[in-house]
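There are 2 protein chains.
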Amino acid sequence: MQPLQIQNSLTRKKEIFKALNSPHVGMYVCGPTVYSNVHLGNVRTFLSFDIIYRYLEFIGYQVRYVRNITDVGHLVGDADEGEDKIGKMARLQKLEPMEIVQKYTNDFHDVMRVFNILPPSIEPTATGHIIEQISAIEKILDNGYGYEVNGNVYFSVRKFSEDYSYGELSGRKIDELMSNSRALDGQSEKRDPIDFALWKKADETHLMRWPSPWGVGFPGWHLECSVMSTKYLGDRFDIHGGGMDLKFPHHECEIAQNVAANKTENPITYWIHGNMLTVNGRKMAKSEGNGFTPDELITGNHKLLERGYTPMTVRFFMMMGHYASTLDFSNDALIAAEKGLSKLTNAIEALERLEGTPETNPSVDVSALSQRCYDAMNDDFNTPILIATLFEGVKWINSAADGRFNLGTEQITDLKTLYSGFMKDVLGLESEGSESSNRGVEGSDDIASNLLDLLVELRSDAKENKDYAGADRIRNTLSDMGISIQDGKEGSSWSHE
Amino acid sequence: MQPLQIQNSLTRKKEIFKALNSPHVGMYVCGPTVYSNVHLGNVRTFLSFDIIYRYLEFIGYQVRYVRNITDVGHLVGDADEGEDKIGKMARLQKLEPMEIVQKYTNDFHDVMRVFNILPPSIEPTATGHIIEQISAIEKILDNGYGYEVNGNVYFSVRKFSEDYSYGELSGRKIDELMSNSRALDGQSEKRDPIDFALWKKADETHLMRWPSPWGVGFPGWHLECSVMSTKYLGDRFDIHGGGMDLKFPHHECEIAQNVAANKTENPITYWIHGNMLTVNGRKMAKSEGNGFTPDELITGNHKLLERGYTPMTVRFFMMMGHYASTLDFSNDALIAAEKGLSKLTNAIEALERLEGTPETNPSVDVSALSQRCYDAMNDDFNTPILIATLFEGVKWINSAADGRFNLGTEQITDLKTLYSGFMKDVLGLESEGSESSNRGVEGSDDIASNLLDLLVELRSDAKENKDYAGADRIRNTLSDMGISIQDGKEGSSWSHE
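Protein sequence lines, in the order shown, are assigned to chains X and Z.
Residues 1 to 497 (our numbering) are what the first sequence spells out, left to right.
Residues 1 to 497 (our numbering) are what the second sequence spells out, left to right.
Only chain X is shown next, with the shape it has when bound in the complex (with noise of 0.2 Å):
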């Protein structure tokens, strides 16, 4: 078998994959901001790492998965009151950031559990973690990489990039850097302008705030990666993940600000950036109007969208595409995704009904299929090669489910092996419902599947009875319904078309 490659932003070539502490590994992805709704380009980058943990943990690795929550925000209360007058009024009928929060935590939790993205092992929460920030801060200072200045605390990116290599990730030059950037107003305060804060002093107005050291305030944006990631997977660990748009100056500084508070060099061994949605071909971005949300998608309620598509259907689609490729959203494509989901869920159901005959098809080999979907995987987790791959057995059930083929009984047991592992476990497909179903309650699924059953027994008889204007009616409206009728040898079966 091919070992794991996983094509490395840091080092920028594909490299074969080696856990700093087998099993065990340890990947941090980047979280949301939950101070709007979860964005579909969100979506495909939280989809994408979802696919790499269900696959390493399918080859046999235990992950520590830690994906954060970004909630510490930079709400103001009203900017003509001062929080002395603020504070006289009753807590109650305050703005409160942390009622935002809560909304936008359970609005991404809802979406992420609609296309079966699998909980991380930690969902760790910026607030949850300023004791560790500011102890990170003054680490970072007593190594001499930060400067206190009125109440706020920068990092000394020159400084640091005397010791250390900076712009390593993103490929940028330090005295580039320098050279190209230039003070701004209200910035004054950092000795050079690439300089980035670690903490902010909180005027009266903001809203979330602690005591530190160097007064009441609020950590810098890039501190809380480098805290709870290192926090829950070490000083060094082995991957780190998000969307490309967090390379520069994200990652950079989380880089920075690791190797400067702990003084260990290659802090993180493999870097994963995802790449971006497009529609029809542009930038997808709320400006554009073309930036429509998760739910639009589903109900197909946007402009843009000629009907809704199931979740299921949107998360094929966004397999389709490499991870680390643009995905274009259109129409066509959705519509070409649902097909070719439906025309695998078909063959996987009726590779369930299949009967085997004792001998093998010599014409049929398993095992060398299954290796391909192996290697499809290893080579940097190719979903669309994999999903070409499961195609090709399609053809076979197929032929076989149509009678002109055959399948030994252990063929179709190693294939039934071979698709349930790499659609429901490494994929994630699940049956259209049943991911949202209530779990152990008999659903309603099982109830429309009798009553098809029924109704299929009942065409039967008709047809039978020749009542052929009964059987075509039950025919014609499950049609309408999107439920197909299969006649074959062993009697009539329904599916979903």
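There's no promise every hint is true.
A pair holds if it fits inside one copy or across any two, identical chains being indistinguishable in the list.
[As the list claims (entries may be wrong)] Straight-line C-alpha distance at most 35 Å; calculated DSBU-like pairs for lysine-lysine: (1) K94 with K263; (2) K103 with K14; (3) K94 with K231; (4) K424 with K14; (5) K13 with K94.
These aren't lab readings, by the way, just hints derived from the structure by calculation.
Given chain X, work out where chain Z should sit, using these hints.
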């Protein structure tokens, strides 16, 4: 209308509810400890406060509902290894308490969703408020009600009771408490045995630890609720709830801490305590072998359960008791609840199909019925009386559906408003399955419903064609699935039995 009255645990009186900053209401409820699966008794508590939250919003209050997650635990590492030795190992290989916290927080949220219990406005965690807890301890020390011994900080109940009353909520007398309690081994650094910890020193094997002015340690359990309630609701707020078992010492200590830190007397106006669940008359407890989980109750996978019950049946069952009374679980009681809920939901479905007459029925007074529903809830959230009142209207609806009775168009509209408001908004009873449906996606419920319509038509045709065997076959198969066909004046229809 009767004004809203609440049985106040603090005063032991039923009192008219008066919000401190109407229409704003601040409500805090002690949430789960996330080191094990949520207990069914906890579900009852959170369901009781869900009803209170829903009803307050229903009658026009704007509720900021805070329910915490207790995630500061007492997990220790392998006792044979000191922190130094463990510290040398990769962090990834260590037990990480936050991984356990995440697992059981997810489980808790899943269970809340299954039972359609609304998320609170803010769900703060104890680990997310360590700084605030340290600040509160500093205030209590500054005010003279605490003392530090050897890295531990204790609350001095004796000193506090010299200035304020202690024991009011639980009805305990300070002298009796002093004389009844005795010094235990290892507690000898406390000045009085009833003093309680505000901050505990972490020994080397303790995994959850933070720096503080008193050394590395972790906060005492009672403190988090004092700190998180006042942070988000103010030094004085309206309602504090929790299970009855928390009244002493937890809630008593909370009051003492709030008063000692903020010098605010009567920090909380109304205390509400939910009562416990019993099983066949005995207290539900793991040690009794009768402590089944929510999942076991739904699947029926427990020796004491004859079969499973749907989440809405369980929800309805729990609301058939008043929150302040014990509630006894038995198969008979659950089956009765199932029948009752089905009777109500069938009537509501029938109501949707009813066509009104131009003239109103003078024997029907919807307004008086509605008034009595409000009165039931205004009498300390009396859900059993509310449900009994809702059943009275069912008689009208069923008589009208049978054609034995007329209802005016306006009366039907008023009944729809009444049942939708009290069943859905207040009692939170959703059609089975819909509470977990993929938002916006055409659900399997709709498919099943379309299939059932077709089957009912086919049966009518069979009867018309005198194919009684065919008609009976459809009726019997549906009956096996718990679906009944009703033949009425205006044709046949189906409903869940």
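Next on the checklist: For each hint given before, does the structure comply? Return the numbers of the non-compliant ones in rising order.
Outcome noted: Violated hints: none; all satisfied.
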